[in-house]
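Residue strings, one per chain:
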Amino acid sequence: MAASSSHISIRKIDGISRIDFVDRNILDEVNIHQISVELMKVIESEFRPKMVVVFNNVDHLSSAAFGVFVALKNRMDSRDGQLRLCEIKPRIREAFAITKLDRIFSIHDSFDAAVKSLN
Amino acid sequence: MSEPATVFEREYTLHDLRTGLEEVHEDVASALSAHRYDEGAAFAIRLAIEEAVVNGFRHGNRNDPSKVVFFRVRIDDRSSCFEVEDQGPGFDPKAIPDPTDQFNIEMPSGRGVMLIRAYMTEAEYIPPGNKVRMIYRKPA
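Sequence order for the protein chains is A and B. Oh and the first sequence: position 69 is 69 in the working numbering, straight run, nothing missing. Oh and the second sequence: position 108 is 108 in the working numbering, straight run, nothing missing.
It cannot be assumed that every hint is accurate.
[To be verified] A few chain B residues that face chain A, going by a derived Cβ cut-off under 10 Å, partial list only:
1. Leu-14
2. Leu-17
3. Arg-18
4. Gly-20
5. Val-24
6. Glu-50
7. Arg-58
8. Pro-93
9. Arg-111
10. Gly-112
11. Val-113
12. Leu-115
[As the list claims (entries may be wrong)] So the derived label-pair ranges between C-beta atoms look like this:
13. Gln-102(B) with Asn-25(A): 44 to 50 Å
14. Pro-4(B) with His-33(A): 25 to 31 Å
15. Arg-117(B) with Asp-109(A): 49 to 55 Å
16. His-7(A) with Gln-87(B): 29 to 35 Å
17. Arg-11(A) with Thr-6(B): 44 to 50 Å
18. Pro-139(B) with Glu-44(A): 45 to 51 Å
19. Glu-11(B) with Ser-45(A): 25 to 31 Å
20. Val-30(A) with Pro-4(B): 23 to 29 Å
21. Arg-103(A) with Asn-63(B): 31 to 37 Å
Rather than coming from a laboratory, the hints here were simulated on the basis of the structure. Yeah, the Cβ is synthetic: ideal placement off N, Cα and C, and Gly gets one too.
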């Protein structure tokens, strides 16, 4: 099953929601809000949701986008779900490290590795 | 050996978040390339400009559509300087909670200033705090 908004695509694979970004730059506040709404909808629609967010298409990410992922993780935790991030380019990975968000997210090199880490 | 590129200097008046900002990003990227800044520098500078301008509109001008953000840039072969000035009352950057503190780490906002400081060589908030001057120096 696949669904898409203008900014992300959502694919359901063996009970796991795979999220890919359409845009290379996740900077615009309106777009970021739309992405947030879409992702929250996925979480709310499932019991103990499992989600893998794939960043391989993303070149730039703003602090507002980081905020969306923090809010997403908080919501996922409250729903007893599991969130994984993967395929983050080195420069964006560095930004996760600078903000120490790499300590609260489960980040993996590949989609397969992220899926394997899910319980 | 080729001639050094001409110093790039320009001022912009931004009326909202997207109008004009793409032009800024394009002009700056082009000037950085002409002055042989590498991809890492271009990434850092784009991120810092984006964060500073967003902060100017959102926190400085409080999204007031009658207010603008001024952006000034100077790029040469060794360093680049960017000034972002909003029309708000200013703020004390020391008052921003540390977003990496364990009690703040799960807060969804408050990381923009930290990213600016991390990616730029210098970032100075000029009192009353409605103007930030950001300098990037190429590594020696």
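Now the hints, each set against the structure:
1. Leu-14: Violated - the Cβ of Leu-14(B) stays beyond 10 Å from chain A, reaching only about 14 Å at its closest.
2. Leu-17: holds, 7 Å
3. Arg-18: holds, 7 Å
4. Gly-20: violated, 14 Å
5. Val-24: violated, 12 Å
6. Glu-50: holds, 6 Å
7. Arg-58: It holds, given that the least Cβ distance between Arg-58(B) and chain A is near 8 Å, below 10 Å.
8. Pro-93: violated, 14 Å
9. Arg-111: Because about 4 Å separates Arg-111(B) from the closest Cβ in chain A, which is inside the 10 Å limit, the hint holds.
10. Gly-112: Because about 4 Å separates Gly-112(B) from the closest Cβ in chain A, which is inside the 10 Å limit, the hint holds.
11. Val-113: Holds, because the Cβ-Cβ distance from Val-113(B) to chain A comes to roughly 9 Å (cut-off 10 Å).
12. Leu-115: Constraint on Leu-115(B) satisfied, holds at 6 Å.
13. Gln-102(B) with Asn-25(A): 44 to 50 Å: Violated: the Cβ-Cβ distance is about 31 Å, outside 44 to 50 Å.
14. Pro-4(B) with His-33(A): 25 to 31 Å: Check failed, 44 Å falls outside 25 to 31 Å.
15. Arg-117(B) with Asp-109(A): 49 to 55 Å: Between Arg-117(B) and Asp-109(A), where Cβ atoms are some 28 Å apart, the hint is violated.
16. His-7(A) with Gln-87(B): 29 to 35 Å: With a Cβ separation near 31 Å, His-7(A) and Gln-87(B) satisfy 29 to 35 Å, so the hint holds.
17. Arg-11(A) with Thr-6(B): 44 to 50 Å: Cβ of Arg-11(A) to Cβ of Thr-6(B): about 49 Å, so the range 44 to 50 Å holds.
18. Pro-139(B) with Glu-44(A): 45 to 51 Å: With Cβ atoms ~47 Å apart, the hint holds.
19. Glu-11(B) with Ser-45(A): 25 to 31 Å: Hint violated: Cβ distance 49 Å, outside 25 to 31 Å.
20. Val-30(A) with Pro-4(B): 23 to 29 Å: violated, 40 Å
21. Arg-103(A) with Asn-63(B): 31 to 37 Å: This hint holds: roughly 32 Å between Cβ atoms.
In the structure shown, a violation is registered for the earlier hints numbered 1, 4, 5, 8, 13, 14, 15, 19 and 20, in ascending order.
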